[in-house]
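Chemist: Let's have the full structure, built from the sequences with the hints guiding it.
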Amino acid sequence: MIPFVPFHSRLVPFPINNIDTDQIIPARFLKTTSKEGLDKQLFNDWRYDAAGNPKPDFILNTPQGQGAAILLAGDNFGCGSSREHAPWALTQFGFRAVISTSFADIFKGNALKNSLLPIVVPEEIHAELFAIVMRDPSIEIAVDLASQSITLPDGRKVEFAVDAFSKTCMLEGVDELGYMLKQTAAIDAYEATRFSTLNTRA
Amino acid sequence: MKPRTIIEKVWDSHVVHEQPGAPALLYIDLHLVHEVTSPQAFSGLRERGLKVRRPDLTLATADHSIPTTDRSLPIVDQIAAKQLSQLEKNCSDFGIQCFGIHSSQQGIVHVIGPEYGATQPGMTVVCGDSHTATHGAFGALAFGIGTSEVEQVLATQCLLQRRSKTFQVRVEGTLSPGVTAKDIILKLIAEIGIGGGTGSVLEYNGSTIRSLNMEQRMTICNMSIEGGARAGMIAPDDTTFQYLAGRQFSPKGAEWDAAVARWKQLPTDEGATFDQEITIDANSLEPMITYGTNPGMGVSISGALPDPANIADARERESVIKALHYMDLEGGKPILGHAVNVVFIGSCTNSRISDLRSAASVLKGRKVSPNVRVLVVPGSQEVKRQAEAEGLPEIFRAAGCEWREPGCSMCIAMNGDMLQPGEYSVSTSNRNFEGRQGKGGRTFLASPLTAAASAVTGVVTDVRRFL
Numbered sequence: 001m002i003p004f005v006p007f008h009s010r011l012v013p014f015p016i017n018n019i020d021t022d023q024i025i026p027a028r029f030l031k032t033t034s035k036e037g038l039d040k041q042l043f044n045d046w047r048y049d050a051a052g053n054p055k056p057d058f059i060l061n062t063p064q065g066q067g068a069a070i071l072l073a074g075d076n077f078g079c080g081s082s083r084e085h086a087p088w089a090l091t092q093f094g095f096r097a098v099i100s101t102s103f104a105d106i107f108k109g110n111a112l113k114n115s116l117l118p119i120v121v122p123e124e125i126h127a128e129l130f131a132i133v134m135r136d137p138s139i140e141i142a143v144d145l146a147s148q149s150i151t152l153p154d155g156r157k158v159e160f161a162v163d164a165f166s167k168t169c170m171l172e173g174v175d176e177l178g179y180m181l182k183q184t185a186a187i188d189a190y191e192a193t194r195f196s197t198l199n200t201r202a
Numbered sequence: 001m002k003p004r005t006i007i008e009k010v011w012d013s014h015v016v017h018e019q020p021g022a023p024a025l026l027y028i029d030l031h032l033v034h035e036v037t038s039p040q041a042f043s044g045l046r047e048r049g050l051k052v053r054r055p056d057l058t059l060a061t062a063d064h065s066i067p068t069t070d071r072s073l074p075i076v077d078q079i080a081a082k083q084l085s086q087l088e089k090n091c092s093d094f095g096i097q098c099f100g101i102h103s104s105q106q107g108i109v110h111v112i113g114p115e116y117g118a119t120q121p122g123m124t125v126v127c128g129d130s131h132t133a134t135h136g137a138f139g140a141l142a143f144g145i146g147t148s149e150v151e152q153v154l155a156t157q158c159l160l161q162r163r164s165k166t167f168q169v170r171v172e173g174t175l176s177p178g179v180t181a182k183d184i185i186l187k188l189i190a191e192i193g194i195g196g197g198t199g200s201v202l203e204y205n206g207s208t209i210r211s212l213n214m215e216q217r218m219t220i221c222n223m224s225i226e227g228g229a230r231a232g233m234i235a236p237d238d239t240t241f242q243y244l245a246g247r248q249f250s251p252k253g254a255e256w257d258a259a260v261a262r263w264k265q266l267p268t269d270e271g272a273t274f275d276q277e278i279t280i281d282a283n284s285l286e287p288m289i290t291y292g293t294n295p296g297m298g299v300s301i302s303g304a305l306p307d308p309a310n311i312a313d314a315r316e317r318e319s320v321i322k323a324l325h326y327m328d329l330e331g332g333k334p335i336l337g338h339a340v341n342v343v344f345i346g347s348c349t350n351s352r353i354s355d356l357r358s359a360a361s362v363l364k365g366r367k368v369s370p371n372v373r374v375l376v377v378p379g380s381q382e383v384k385r386q387a388e389a390e391g392l393p394e395i396f397r398a399a400g401c402e403w404r405e406p407g408c409s410m411c412i413a414m415n416g417d418m419l420q421p422g423e424y425s426v427s428t429s430n431r432n433f434e435g436r437q438g439k440g441g442r443t444f445l446a447s448p449l450t451a452a453a454s455a456v457t458g459v460v461t462d463v464r465r466f467l
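If you read the protein sequences in the order shown, they are chains A and B. Take 1 as the starting number for the first sequence in our numbering and just add one per residue. Take 1 as the starting number for the second sequence in our numbering and just add one per residue.
Please note that the accuracy of each hint is not assured.
Derived DSSO-like pairs (lysine-lysine); straight-line CA-CA distance at most 30 angstroms [stated by the list, open to error]:
1) A/55 - A/35
2) A/182 - B/51
3) A/35 - A/182
4) A/157 - A/167
5) A/40 - B/82
6) B/9 - A/167
7) A/167 - A/182
8) B/367 - B/322
9) B/89 - A/167
10) A/182 - B/439
11) A/167 - B/165
12) B/2 - A/40
13) B/165 - B/9
14) B/165 - B/2
Sample of chain B residues lacking proximity to chain A, with all beta carbon distances greater than 10 angstroms (derived) [claimed, not checked]:
15) 21
16) 278
17) 457
Hints listed in this document are in silico derivations from the structure and should not be mistaken for laboratory results. Ideal Cβ placement from N, Cα and C applies to all residues, glycine included.
Modeler: Here it is as structure tokens:
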């Protein structure tokens, strides 16, 4: 992982609530054994027609939907399955942050492990962001993980919460497994106290 | 000691290590693996030169992308075939027991875990699959994880986790004929919404839950995630112990007695408090069915679809309008009598032997409508063998249903079992998201009884007229 640095970007407005992981990437594309190439299938069934041609009015197929790093989505983004292919597809497309009023638990955890920042903002800021971007699609906002804030075009800062541990991992560009492998002694000690009769190899 | 919920008891006993500012390192007792969410995790192990720490606590099977047609034939879909063979290679390379495509123990991961006694009370159970919540029916803390976490568990047998909030779901009263566990969980999700359980672990209790068998309890816990909760638990009792006794991986002899004594300590203490509570009245419950594009969009089967004009909240109104548009349904109208093209009986929610018996009880001596294709997909090879021993396939075939090989099948439509654009299904599965059962397909979620009744008539039907 590379360290998560401050950036500013346009917003891709996606005013739909409860966007589930089957929309982010339909299950039939999960037969891959690799993480690569999933950007092409991001929002596949909303993005392409029956013949596989891009739908011209779908936001990701418009100039506004391309080259931007922030997805501005409706409430409860990422509900549904545990597929990590969802954040993989979003980051491969170029997104580095998703702004919503809430995220589903598993999606949020998966996103944080892939340097995709889930930003929860209050409802009134959420509505204001949609209003701003509808008025002027070229407007940019700044995202700074270190100060846990976004900066609106008028200079106002809006703070957001993020898990302290995930924040450190993202800022330093280290993954959790490295940290966990350093806890081997504690795991050994815990296992020595455990009584388990399970042996799936028996 | 402060009274604790079962959720807190299982959590507390699995904390390996907790540092200020960092999430707890939580020990995992059982890691279930399938072909879709694991290949990249095994690649990660290879890149780092790591081994699987506890292959003896890991169990794999093939379920998502596996065909449900004759297994002696080669797999047509080459990408799926590669994924399935990759699972077997990964398990062989890392020493993991794999109930693969040709195993007599293959099945849906959330069916086989309990079926072979691998899932036990008080355990932590994870799998790269959101329906891992199913195993909570045994009093295990069981939840779905992403592929990065699959790699973490393979390498360390641990996960980094923050403690969840606790949410009590009391279900009280007696279910009427034709009303099932599936209707309880669809009712709960309709009440709390698909985000209502976000950040929480649910505990289901109350007189109705106590009266349910293990398979019914699994149906309820399975769909906890559809209410946003990563996990849902039911305290173990004699029903649980009787189910587990004598299964392949269950403790035996003196170890069994010791295990039961430990498991009896798990139920929530008198006086323990929850962060949130809700009560569902089972006495007044009717068969439920979903009409929309998320599992929270459910109604009593005899009721009307919501009329957007009567929804005050703007966001909810927009969601319902969008869903009705996708489903091509009109608000305010009844759902009974709506034409159906496909009926799917299966999935980790409703593919166990009692589900198949329940569907067969309606289909016995009847024919399915000529306009409807009916797929019956047992949850595992073991369920299939049991059904065959009871003569259920003959009942299904005589009625005009397809009796297929075990797998996730049309719940997730990865394996070629899918709806065509515009088709309607009544499905015993767990998700009705747009395109979930095939691009452009439209799903009504319901119980096996409702699915079977609708198969016979060819329209959405209240099973109580057949009882």
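Chemist: Indicate, hint by hint, whether the structure satisfies it.
Modeler: Structure-based check of all given hints:
1. A/55 - A/35: Distance ~25 angstroms between residue 55 of chain A and residue 35 of chain A Cα, so the pair holds.
2. A/182 - B/51: holds (15 angstroms)
3. A/35 - A/182: holds (26 angstroms)
4. A/157 - A/167: holds (19 angstroms)
5. A/40 - B/82: holds (21 angstroms)
6. B/9 - A/167: holds (29 angstroms)
7. A/167 - A/182: holds (19 angstroms)
8. B/367 - B/322: Distance ~35 angstroms between residue 367 of chain B and residue 322 of chain B Cα, so the pair is violated.
9. B/89 - A/167: violated (36 angstroms)
10. A/182 - B/439: Violated, at roughly 45 angstroms.
11. A/167 - B/165: Given that 30 angstroms is the threshold and the Cα spacing comes to 22 angstroms, the pair holds.
12. B/2 - A/40: violated (53 angstroms)
13. B/165 - B/9: holds (13 angstroms)
14. B/165 - B/2: Roughly 17 angstroms separates the two Cα atoms, so the pair holds.
15. 21: Nearest chain A Cβ is 5 angstroms from residue 21 of chain B, so the label is violated.
16. 278: holds (19 angstroms)
17. 457: Fine: 29 angstroms to the nearest Cβ keeps residue 457 of chain B off the interface.
Of the numbered hints stated above, those contradicted by the structure are hints 8, 9, 10, 12 and 15, listed in ascending order.
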